[in-house]
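Please build the complete structure, drawing on both the sequences and the hints.
Protein chains: 2
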Amino acid sequence: MTKGVARERMRLAPGEVLLYPGVPSPNEPVYRVVRGLVRIQHVDPDGSSLTLRFVRPGQFFGEEALIGVERDYFAEAMTETEVEAIDREELEKGLYPELIASLVSALDESYTRLEHLANKRLKNRIAATLLELAGTDLAEAGEEGPVLRLTHDDLAAAVGSVRETVTKVVGELAREGLIRLGYGKLTLIDQKGLTRLAKSRE
Amino acid sequence: MTKGVARERMRLAPGEVLLYPGVPSPNEPVYRVVRGLVRIQHVDPDGSSLTLRFVRPGQFFGEEALIGVERDYFAEAMTETEVEAIDREELEKGLYPELIASLVSALDESYTRLEHLANKRLKNRIAATLLELAGTDLAEAGEEGPVLRLTHDDLAAAVGSVRETVTKVVGELAREGLIRLGYGKLTLIDQKGLTRLAKSRE
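Chains A and B are the protein sequences, given in the same order.
As numbered in my numbering, the first sequence has no gaps in its residue numbers, which increase by one up to the final residue, 219.
As numbered in my numbering, the second sequence has no gaps in its residue numbers, which increase by one up to the final residue, 219.
A hint or two may mislead.
As the list claims (entries may be wrong) - Among the chain B residues that face chain A by a calculated CB cut under 8 Å, a handful are: (1) Ser127; (2) His133; (3) Asn136.
Unchecked claim - If you anchor each label on the Cβ, the simulated ranges turn out as follows: (4) B/Val179 x A/Arg166: 46 to 54 Å; (5) A/Thr212 x B/Arg52: 41 to 49 Å; (6) A/Ile84 x B/Ser217: 24 to 32 Å; (7) B/Lys185 x A/Lys185: 23 to 31 Å.
What the hints contain is simulated information worked out from the structure, not anything from laboratory work.
Note that the Cβ used here is the ideal one computed from N, Cα and C, for glycine as well.
If you want it as structure tokens, here you go:
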């Protein structure tokens with residue numbers, strides 16, 4: 018970052034990584050998504066990935082810098098993304114309430130993710146995640162419904178499973194007419210049906 | 018709460034519930050644990066419980082009140098606990114940095130909980146949770162190590178499993194000499210062994 022710049026905007030290409038695991042440096046800024054989508058991704062030593070959070074426009078990430086604790090994730094752009102880096106002084110000038118609102122909502126989403134992982138079947142978790150992503154900048158409007166450009170690996174990480182199993186369940190959802198599969202993309206053609214499935218405990 | 022009181026202290030007995038699921042009322046305070054331990058507990062319609070977070074002294078909870086989103090959990094004292102209720106004006110007077118630090122660390126713990134739930138065997142999760150609780154006011158110092166007064170239901174909720182399975186694994190840990198079981202309590206007699214197990218991916 019250029020010194021003396023309180024906020025700096027950066028553009029990230031899909032797949033570009035902004036933050037890596039490790040202890041944040043003493044004056045590291047925090048980040049806010051301006052447009053696009055960032056995923057907070059944990060990668061196990063054995064290579065398996067788990068998405069801890071999707072960060073949407075207006076939300077902050079990289080907050081560990083504020084308390085100096087080790088970061089255990091990669092922050093990666095999922096689509097064309099713009100973020101701003103905000104330094105401490107700028108935060109103190111009046112951004113605390115917005116930062117607090119972002120953290121409370123992140124914590125709340127994280128509770129939901131825990132509940133789903135502990136209590137819901139994989140199929141329900143996949144439906145819930147597809148709907149969550151349909152509300153982000155990753156989704157494009159299609160004739161039949163929102164189109165998501167998403168690999169089965171991405172989806173497996175987002176639901177805490179592995180690709181092979183996710184591919185099987187995604188096939189089921191397609192046969193049941195809830196989604197349509199295309200090359201590297203996926204269309205939500207029955208959002209009501211997916212919502213029912215996401216809420217169901219069966 | 019008495020009007021005009023910016024901070025009010027309250028004592029809670031073990032098992033006492035302070036917050037219930039629902040939309041927070043417009044001027045609801047946030048809470049901070051002064052001593053003791055509070056658990057943030059989700060209960061499914063079918064009755065199964067999942068601990069989303071343990072709140073230790075100095076940490077805040079009930080932060081949904083600040084953004085008005087629905088609360089999906091019970092906040093319950095696990096031991097003799099004292100909390101303070103802090104209203105918005107009091108927060109604004111200079112507690113934002115402490116609240117932010119508490120939220121960042123809660124989010125970080127929540128990431129760890131997600132990783133464990135997705136990637137670790139039940140036995141490793143139980144070891145990790147016992148060690149986590151050994152560092153709280155729930156633990157009493159015993160001759161052989163920290164003593165936890167904890168039911169198998171409590172432990173099952175904390176690790177995202179069910180009592181029957183937890184009872185089986187707790188028995189294994191006792192046979193392996195890592196813990197000693199007593200009536201309604203549990204002593205960590207080999208903390209090094211439990212730490213190895215908690216960190217292991219096998």
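Results for each hint:
1. The criterion of a C-beta within 8 Å of any C-beta in chain A is met by B/Ser127, whose closest approach is roughly 4 Å, and the hint holds.
2. Among the interface hints, the one on B/His133 is violated; its C-beta lies about 10 Å from the nearest C-beta in chain A, farther than the 8 Å criterion.
3. A cut of 8 Å between beta carbons decides the hint on B/Asn136: the least distance to chain A is about 6 Å, and the hint holds.
4. Checking the proposed 46 to 54 Å range against B/Val179 and A/Arg166 shows it is violated: the Cβ atoms sit about 39 Å from each other.
5. One distance hint, 41 to 49 Å for the beta-carbon pair A/Thr212 and B/Arg52, holds here, with the actual separation near 44 Å.
6. In this structure the supplied range 24 to 32 Å holds for A/Ile84 paired with B/Ser217, their Cβ-Cβ distance being about 28 Å.
7. As the Cβ distance of B/Lys185 to A/Lys185 is approximately 30 Å, the hint placing it in 23 to 31 Å holds.
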